[in-house]
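Chemist: What follows is the residue order along each chain.
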Amino acid sequence: MIGVAALLTLSTACSNEREGETTAGTGTGSAAPAKGFAADALIGVALPSKTSENWVLAGDLFTNGLKEAGFQSDVQYAGASTTVADQQAQISAMVTKGAKVIVIGATDAAQLSTQVAQAKQAGAVVIAYDRLIVNTADVDYYIAFDNFKVGQLQGQALLDGMKAKKPEGPWTVELFSGSPDDNNSGVFFNGAMDVLKPLIDKGDVVVGSGQTDIKQTAIQGWKAENAQQRMDSLLTSTYNGSKTLDGVLSPNDTLARAIITSVKSAGKDIPVVTGQDSEVESVKSIMAGEQYSTINKDTRKLVAETVNMVKSLQAGNAPTINDTNSYDNGSKVVPAYLLPPVIVTKDNAAESYANDPKLAPLTQQ
Amino acid sequence: MSRIKDLQKNLFGGTTSNARQFGMIFTLVAIILLFEVWTGGLTLTSGNLIAVVSQYSYILILSIGMLMVIVAGHIDLSVGSVAAFTGIVVAKAMQEFSLPWPVGILVGLAVGALIGAWQGFWVAYIGVPAFIVTLAGMLLFRGGNQYIGNADTVPVPEGFRSIGAGFLPEIGPNTGYNNLTLLLGVAACVAVVWRELRARQTRHEMQADVAPVWISGLRLVVMVGVIIFATLRFAGGRVGTSLPISGIILIALVLAYSYYTRNTIGGRHIYAVGGNARAAELSGVKLKRVNFMVMMNMSILAALAGMIFVARSSASGPQDGLSWELDAIAAVFIGGAAVSGGLGTISGSIVGGLVMALLNNGLQLKGVGSDMVQIIKGLVLLLAVAFDVYNKSQGRFSILGSLMRPFRRDDPGQPLDRSLSTSDTDKAPIAG
Amino acid sequence: MTVDSTLLEMRSITKTFPGVTALEDVNLVVRSGEIHAICGENGAGKSTLMKVLSGVHPHGTYTGQIVYQGDEVRFSNIRASEQAGIVIIHQELALVPGMSITENIFLGNEPRRRGSIDWKAAQRRALELMEQVGLREDPDTLIKDIGVGKQQLVEIAKAFAKEVKLLILDEPTAALNEADSQHLLDLLRGFRERGITSIIISHKLNEIAAVADTITILRDGRTIESLDVKADGVNEDRIVRGMVGRELHSRFPDHTPDPGEVFFEVRDWTVRHPISTERLVCKGSSFTVKRGEIVGFAGLMGAGRTELAMSLFGRSYGVYLGGRVFKDGKEIQLRTVAEAIEHGLAYVSEDRKAIGLNLLDDIKTSMVAAKLSKISTHGVIDQVEEHRVAEEYRKSLRVKTPSVDEGVTKLSGGNQQKVVLAKWMFTDPDLLILDEPTRGIDVGAKYEIYGIIQRLADQGKGVIVISSELPELIGLCDRIYTVFEGTITGDVARGDADPELLMKQMTSTKKIPTP
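Chains as they are written, first to last, in our numbering: chain V, 6 to 370; chain H, 179 to 610; chain A, 2 to 516.
Don't take every hint at face value.
[Stated by the list, open to error] Dumping the calculated BS3-like pairs for lysine-lysine here, alpha-carbon to alpha-carbon at most 30 Å: (1) A:K331 - H:K464; (2) A:K331 - A:K284; (3) H:K270 - V:K337; (4) H:K464 - A:K328; (5) V:K228 - H:K270; (6) A:K375 - H:K466; (7) A:K328 - A:K401; (8) V:K306 - V:K55; (9) H:K466 - A:K401; (10) V:K168 - V:K273; (11) A:K166 - H:K464; (12) H:K270 - V:K220; (13) H:K464 - A:K163; (14) A:K328 - H:K466; (15) H:K464 - A:K231; (16) V:K363 - V:K351; (17) H:K466 - V:K55; (18) V:K273 - V:K220; (19) V:K289 - V:K316; (20) V:K289 - V:K337; (21) V:K351 - V:K289; (22) A:K284 - H:K464; (23) V:K306 - V:K363; (24) H:K544 - V:K306; (25) V:K72 - H:K544; (26) V:K248 - V:K207; (27) V:K306 - V:K171.
Just so you know, these hints were derived from the structure itself, not from any lab.
All chains should be modelled from the sequences, with the hints used to inform the complete structure.
Modeler: In structure tokens:
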């Protein structure tokens with residue numbers, strides 16, 4: 006009975022409210038992004054599940070950074086088991102709540118076009134954070150470290166490391182790349198190959214297993230266990246004899262450590278292994294002389310720049326862009342702001358992490 | 179009594195309706211009201227309702243099939259993987275052979291039917307428990323998805339996306355609403371009124387008690403009220419939006435399957451098999467065929483759900499369908515189905531699914547993290563079923579029951595069986 | 002060996018269940034070291050008495066006194082009675098199929114050493130116990146891999162492991178073949194030599210007459226008499242007289258039978274047990290049914306009556322090995338239940354709750370469940386028609402319920418049985434097989450059910466009634482077949498049927514020439 010009465014009152018109450026909303030909806034539906042918005046507007050941030058330190062850190066930084074800038078924030082992580090569907094629902098909820106800017110660190114960059122379109126139509130600005138959202142014209146900006154550059158640095162570091170150990174080639178290497186559903190994986194790999202390919206063609210660098218295609222080198226889900234499995238089988242199939250492995254191109258730290266674990270348990274000498282992300286365990290590993298290099302993509306800087314972008318949008322200004330032709334997502338070329346990455350080895354670690362409260366102590370020896 | 183029970187019966191339209199379903203309606207209304215107030219009116223905005231429908235339509239479609247599987251006394255753990263597998267097959271097929279998208283949908287349904295036949299064969303004809311068969315299917319088709327898709331994301335063409343992300347077109351005069359949605363709403367109102375009159379007439383023919391006119395009137399006012407409200411909401415969203423196509427597919431399926439389970443021999447046989455398989459068999463029910471069809475139907479619906487999700491995501495990816503089986507199973511149990519089979523209704527499962535959907539949505543609108551959302555959903559499932567089990571063991575419906583007791587003339591909880599406990603203690607259950 | 006001291010005395014035991022008095026003023030005296038048999042019809046109260054003794058019905062739920070080894074005892078559960086050395090072995094064996102003989106013998110009674118099970122000691126002791134009961138098997142053999150006869154021996158060994166003083170066996174030979182039964186009886190005699198007292202409950206009167214020292218006969222929950230086998234010169238006939246000695250009058254509605262021609266005939270029906278490949282449950286059974294005839298099937302538990310009926314009804318039991326069925330002179334095939342229903346057969350199961358009804362259903366759904374096509378067009382059920390049909394049966398069978406929308410669990414046993422009868426009458430059968438149609442039903446409802454059965458016969462349908470109550474068969478049936486261990490041993494016309502004759506035929510393999 007109570008429910009019935011409640012429903013009745015609801016339905017009548019809402020029919021009144023409806024008129025206003027309809028016209029408002031029609032009004033803003035096709036309008037371009039508004040010229041600025043309220044200084045305390047809601048900013049949505051949708052990030053992937055909490056599987057890496059970086060995303061957790063980024064979430065905290067966004068929460069604080071947006072608060073300091075005077076915005077309301079709604080920072081969401083996708084659930085660990087239902088990532089894509091969760092993120093879709095979270096973005097929809099942000100749109101419903103009237104977020105003015107939605108920052109998305111995509112779980113699967115190709116499966117968000119419906120939600121991005123929805124956001125766009127509701128008048129929100131969509132910023133792809135770290136991972137470019139593809140196959141949609143509704144992404145406004147892309148902000149990330151220069152991932153092609155990251156790849157180039159990784160490739161160069163691999164060569165430098167191997168030269169330091171064994172001045173004369175040819176060097177035997179294995180290649181790893183990231184998750185195939187992450188748009189960045191290809192960019193890293195292509196950057197690295199930009200450096201390595203000429204040497205491979207010349208024969209100075211030899212890929213022991215012959216697996217040079219990104220489909221062969223990909224590690225599903227950026228998962229350590231998958232990388233370890235692949236390395237185990239490579240060691241069994243290719244390096245069971247006297248053949249030595251000089252270097253491994255690894256796209257990030259998690260995979261690098263998995264690769265090192267695998268090599269160690271096979272009783273082999275640790276080759277030169279690259280990395281990325283400056284994870285605590287990897288910095289320790291570099292200082293211990295195991296992993297060769299990592300990339301410092303300071304999440305603090307990236308988040309700070311993203312918040313700056315939001316601030317410019319709030320004021321009605323065009324945000325700073327430094328690349329307007331590299332990032333074609335399949336539907337349009339997305340204007341991008343790229344931050345330069347820094348390669349870190351044991352030699353420059355102390356200097357690179359001087360400002361990082363967590364990593365700096367690790368580099369003091 | 180029996181006004182409330184009649185109301186309950188007609189809201190659910192089923193002979194097997196029980197207090198949990200009625201309770202879930204209250205819960206659903208309570209959740210909606212709670213979040214409506216808590217989110218400052220965001221829950222019932224057009225935009226949000228449209229988003230909720232398109233986000234959860236595929237889970238609700240799964241729960242239709244799952245209800246039938248569970249009523250028949252089985253379970254299907256493979257639906258998420260089957261959905262993902264179908265999604266990638268359809269996406270790949272359209273990409274590589276440039277199939278037109280309607281053909282793609284047919285291909286998808288065919289894939290679902292094949293998978294269903296495969297699983298139904300093992301369950302019905304070999305007698306492997308469905309839990310095992312579908313656990314195997316879960317691995318099999320998840321692997322199949324990654325094998326075919328190279329664990330990559332495959333986009334689907336624009337036309338295909340309409341089944342997941344599409345809306346009704348804007349036609350006719352500018353009324354400030356989506357006209358086709360309005361038409362659907364009007365049709366629904368007419369149907370509800372017609373059904374009520376029809377039901378009264380039927381009761382009359384049966385020479386059963388016909389509810390007083392005022393009850394029918396009240397029931398109609400409530401239902402028509404809800405329909406009008408929903409229609410205006412769905413029709414009054416942004417221009418270009420309406421009741422989502424996926425929602426229309428869902429409604430059509432709910433109506434069709436409710437009718438099937440309630441009014442046909444095939445539907446009755448599913449309940450008979452789940453209620454007492456041996457008794458059903460001895461009444462001439464073809465047990466194997468029922469089990470086969472139920473499993474096969476589930477996979478076809480899973481295939482459809484998978485395609486709707488892919489359409490909505492505009493691409494098929496390796497993470498599609500993860501843990502959907504759990505959402506669908508939870509919806510069915512919250513909606514009043516019995517773990518041991520034989521009990522449950524389609525409409526109950528839909529209400530159960532909506533409870534989960536609106537809970538999820540409301541918590542997301544409040545900015546509650548997905549970790550907490552999972553914890554809360556887990557507790558809701560546990561409590562909903564525990565509530566029912568506890569009440570059954572007490573032979574009453576505690577909270578709801580005590581509200582309704584003055585009106586009730588019967589107690590469906592415990593059998594009144596005096597004779598069997600004492601007589602014939604010397605005989606074994608089966609002997610000649 | 003003193004045979005004269007009293008081991009157990011149960012004095013004036015009365016046990017009531019709500020509405021029913023199961024035992025009334027029952028007395029039982031068991032002397033030390035004897036084999037004491039308890040006889041009685043189904044429902045006479047034998048098992049209830051044993052449950053009182055073993056603490057299943059704890060002290061306080063019955064009145065009367067139990068004196069054991071000279072002291073009054075008040076068992077509150079089975080454990081308490083087992084500690085006193087009273088062990089009951091039920092007809093359904095309490096063994097775990099997937100465990101070994103040793104594990105089963107010591108289940109719940111494991112020999113321990115420093116907290117963990119001492120399997121070596123267990124093994125040794127198991128071999129000793131197996132020797133005592135004459136079981137020659139590897140103690141590591143799994144229970145499921147040995148026959149029923151040997152399983153029974155394991156149960157007895159298990160009882161010995163608990164230092165048994167009084168061993169109670171409930172229908173120990175019901176599931177055993179001749180040789181195994183004989184071995185078991187020999188074993189009981191051996192126990193008597195060693196001073197172990199046994200109580201045996203059995204329907205097999207020949208065995209009882211052969212092995213027992215004393216027989217106590219129960220009827221309708223009362224002690225009728227206690228016979229000393231040697232002194233009184235007891236034979237089977239004497240036992241039967243004690244068991245069935247009640248008058249039969251006015252328990253049945255008046256009825257003039259008018260059977261027509263033979264229309265249903267079964268020839269050489271042979272079926273084996275679904276699991277045990279060597280055990281035949283129907284051994285070349287042949288019988289006929291006339292139109293309008295009520296045919297009874299009498300037999301003891303395990304005789305194979307239900308198995309015969311269910312195997313005829315769409316091969317719902319066991320493995321069909323051979324036999325033919327004729328209806329109206331033409332041979333018919335009954336391979337599936339659907340086929341059987343199509344040919345006008347109906348089978349009302351003895352176990353309403355387990356296999357007769359879907360307890361989740363309401364009355365009207367149950368009543369039409371066996372022939373939905375009759376009220377459907379193109380697979381869509383006409384619910385108005387369903388309701389009408391159910392109402393009709395509610396009225397004609399006088400089902401006591403406020404409405405046919407009620408759940409079947411809310412009905413009493415008698416009314417549930419009427420619903421099941423309605424369900425099968427709705428299929429419009431020519432031959433109804435009613436398996437224990439009045440089981441668990443009170444006297445008033447029984448009378449009504451008998452009336453329904455007679456009306457069905459008057460409509461020209463053949464009715465087969467399987468019952469364990471001889472008076473019921475004698476009062477109701479036009480003709481009675483007796484069945485013993487899968488064989489039809491007799492065909493007794495209404496006028497010739499008396500309990501003693503039937504009981505004799507039900508307990509002997511001798512095929513009595515059909516009159």
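Chemist: Below or equal to 30 Å on CA atoms is what counts here, so check K466 of chain H against K55 of chain V.
Modeler: violated, 46 Å
Chemist: Run the distance test for K72 of chain V versus K544 of chain H: straight-line Cα separation, threshold 30 Å.
Modeler: OK: K72 of chain V and K544 of chain H at ~17 Å, within 30 Å.
Chemist: Given the hinted pair K289 of chain V and K337 of chain V, is their alpha-carbon gap at most 30 Å?
Modeler: The hint is violated at about 42 Å.
Chemist: Is K306 of chain V within 30 Å of K55 of chain V, Cα to Cα?
Modeler: holds, 20 Å
Chemist: Holds or violated: K284 of chain A and K464 of chain H, Cα atoms, limit 30 Å.
Modeler: holds, 29 Å
Chemist: Would the hint linking K464 of chain H and K163 of chain A be met if the CA-CA limit is 30 Å?
Modeler: Between K464 of chain H and K163 of chain A the Cα gap is close to 49 Å, so the pair fails against 30 Å, i.e. violated.
Chemist: Going straight from one Cα to the other, do K375 of chain A and K466 of chain H come out at no more than 30 Å?
Modeler: holds, 22 Å
Chemist: Keeping to a limit of 30 Å between CA atoms, is the pair of K328 of chain A and K401 of chain A held or broken?
Modeler: The given pair, whose Cα atoms are some 36 Å apart, is violated under the 30 Å limit.
Chemist: Is K331 of chain A close enough to K464 of chain H, meaning Cα to Cα at most 30 Å?
Modeler: Distance of about 26 Å is within 30 Å: holds.
Chemist: Is K331 of chain A close enough to K284 of chain A, meaning Cα to Cα at most 30 Å?
Modeler: holds, 23 Å
Chemist: Check whether the Cα positions of K363 of chain V and K351 of chain V lie no farther apart than 30 Å.
Modeler: Judged against 30 Å, a Cα distance of about 17 Å means the pair holds.
Chemist: Between K270 of chain H and K337 of chain V, is the straight-line Cα distance small enough, at 30 Å or below?
Modeler: Measuring from Cα to Cα gives roughly 23 Å; hence the hint holds.
Of the hints listed earlier, those the structure fails to meet are numbers 7, 9, 11, 13, 15, 17, 19, 20, 27, in rising order.
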